[in-house]
Amino acid sequence: MGQTFAQKMLAQKAGLREVEPGQIVTVRPDKLLTHDNTAAIAKIFREIGVEKVARPEISVIVLDHVVPAATEGHARNHQQIREFVREQGIASFYDVGEGICHQVLPEKGHALPGYLIVGSDSHTPTHGAFGAFAAGIGRTEAAAVMATGEIWLMVPHTFRMSVKGQLQKGVYAKDIILYIIGELGADGADYRAVEFTGPVLGEMTIASRMVLCNMVAEMGAKIGVAEPDDKTRAWLNGRSDAGFQEVFADPDASYERAIEYDVSGLVPQVAKPHTVDNVVPVTEVLGTRIDQAFIGTCTNGRLEDFRVAAQILGGGKIAPTTRLLILPASREVLLAAVVEGIITELITAGAVVLNPGCGPCLGAHQGVMAPGEVTISTANRNFKGRMGCKEAQVYLASPATVAASALAGEIVDPREFL
Amino acid sequence: MTDEFVFKGRAWVVGDDIDTDMIYHGSYLPLTDPKEMAKHALEYVPGMEDFTERVQPGDILVAGKNFGSGSSREHAVITLQYNDVAAVVAESFSRIFYRNAVNLGFPILEVPGITRELDTSDELEVDANTGRICNLTKGTEVQGTPLSGLEKEIMTAGGLFNFLKKDMQTVE
Chain Y
3 MGQTFAQKML AQKAGLREVE PGQIVTVRPD KLLTHDNTAA IAKIFREIGV
53 EKVARPEISV IVLDHVVPAA TEGHARNHQQ IREFVREQGI ASFYDVGEGI
103 CHQVLPEKGH ALPGYLIVGS DSHTPTHGAF GAFAAGIGRT EAAAVMATGE
153 IWLMVPHTFR MSVKGQLQKG VYAKDIILYI IGELGADGAD YRAVEFTGPV
203 LGEMTIASRM VLCNMVAEMG AKIGVAEPDD KTRAWLNGRS DAGFQEVFAD
253 PDASYERAIE YDVSGLVPQV AKPHTVDNVV PVTEVLGTRI DQAFIGTCTN
303 GRLEDFRVAA QILGGGKIAP TTRLLILPAS REVLLAAVVE GIITELITAG
353 AVVLNPGCGP CLGAHQGVMA PGEVTISTAN RNFKGRMGCK EAQVYLASPA
403 TVAASALAGE IVDPREFL
Chain C
-8 MTDEFVFKGR AWVVGDDIDT DMIYHGSYLP LTDPKEMAKH ALEYVPGMED
42 FTERVQPGDI LVAGKNFGSG SSREHAVITL QYNDVAAVVA ESFSRIFYRN
92 AVNLGFPILE VPGITRELDT SDELEVDANT GRICNLTKGT EVQGTPLSGL
142 EKEIMTAGGL FNFLKKDMQT VE
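These protein sequences, in sequence, are chains Y and C.
Just so it is clear: in the first sequence, position 100 is 102 by the numbering used here, and no numbers are missing.
Just so it is clear: in the second sequence, position 104 is 95 by the numbering used here, and no numbers are missing.
Since the hints were derived computationally from the structure, they do not count as laboratory data.
Where hints are given, some of them may not hold.
[To be verified] With the C-beta cut set under 8 Å, the calculated list includes, among others, these residues of chain Y facing chain C:
1. ARG141
2. GLY222
3. LEU420
Quantities reported herein were computed from a predicted structural model and do not represent experimental measurements.
Using N, Cα and C, we set each Cβ at its ideal position, and we do this for glycine too.
Between the sequences and the hints, there should be enough to build the whole structure, so can you do that?
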């Protein structure tokens, strides 16, 4: 019997010939990702009573959650992390301004095909877009990985999702994944691995594959993965000196579910407040008044996202009752958008450009909302209070839908603006 | 495991998809003192706003599907632990909450259909060893899935931290 991607990866990393779903294995990850929570993790690490990090070469630390520091408390937190980095000799440290961890890791060559990546952030599955097995973990276990270089993982069952058809103009990877989450529900893939495949995946950019893998977390999945291909290799070219071995599922692997999606008839999708699986076609929420539009985050803060935003907003002005926030996922993305002239177009249209980081997505700073306000966002979560106020509402959509809505001051169908 | 893992307490029943922002909102992430963190447990769950004033030590939280979805924050477990909630019994757990509970030594039990079987304030006896739950108020019993293997070892050690410390002492 053939093996799924998850089975092959975990068997390899555990030094076993084969593993079965449900089995618990102890593995040696290739990378450990932590962010602003590294200070709390370092504290637990010290309490374990180990002096030196077991494998400092696997540790990648990115300051992204509240950058630059919003308060003295955040600043002290960052300070403690810098001290820990120095003390432990951790080479892969990216300070304020470099970007969001899920963009910085691939850019700096830390997310490679066949890698096992664990990260103390729930959107770690993003790195599956490069053919890595990448799963979110908690703080205590991140400290344990620092202490031992190992972690326990359960071998997940796998859903194989094959995406075929022809995406219509104005419909993107974000609409596909919102549709899937709406169909399966917020726990529809709980503890499962999701393998994305099919002709639409092959045609997709790496950035779009990252959108799919990023949001598997919103249906409970442990990982999402796209098969590496020439596009993956070209994207990674020159970013790392480390060798890597691509891992593919066997053709006769056994899947818990195999689901086919034909996206030819798919229209732009929107997740309504306050759950990500509360998904409807955009046509059902047309005319919903918005106060704020937000384009960015680890889901949709990449060059292609700002390109489509500039295409829609270029030469126009956002509605006077609406604020538009632009948040590039990394310094590299921001620079490329500056060079292309996209940032000029967006600022001229009325946007506020924020520095690379997590920004308003988690409601800690930059663009926090007031009671009764409505934001349409390209982020991955719309939980009650997510953007800092429990009497506010967050809708989730693609960058095109958000950009068009910013122009109109209400939710509109982006297909009429392209 | 010993009697330590048999709990008697009152049930608090909540619904499906209780996410980590409802259990412990993101705006409180900067708090580091668990006693301060405890003041905000379940604050965003509709109808549970005064939970921290009314909860009694040993009470048992009973939830529907997908409890703890969303963020990887451990605060969601810690805030319940520091309210002396004895255990969470749910129809299903989201993956990272489940891991965090095991790694922090917080008893959890999966019992499909559990929310149909009982009401808030019912007196329960939960045996995390066997997975058996007795509803002392209604005189009914249901069977859940107890932890096993490495997960159980970590849980009984009081969490990953103590498990590792023990492990490291053996190595030394």
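**Report entry** Hints violated by the structure (listed by number, smallest first)
**Finding:** 3
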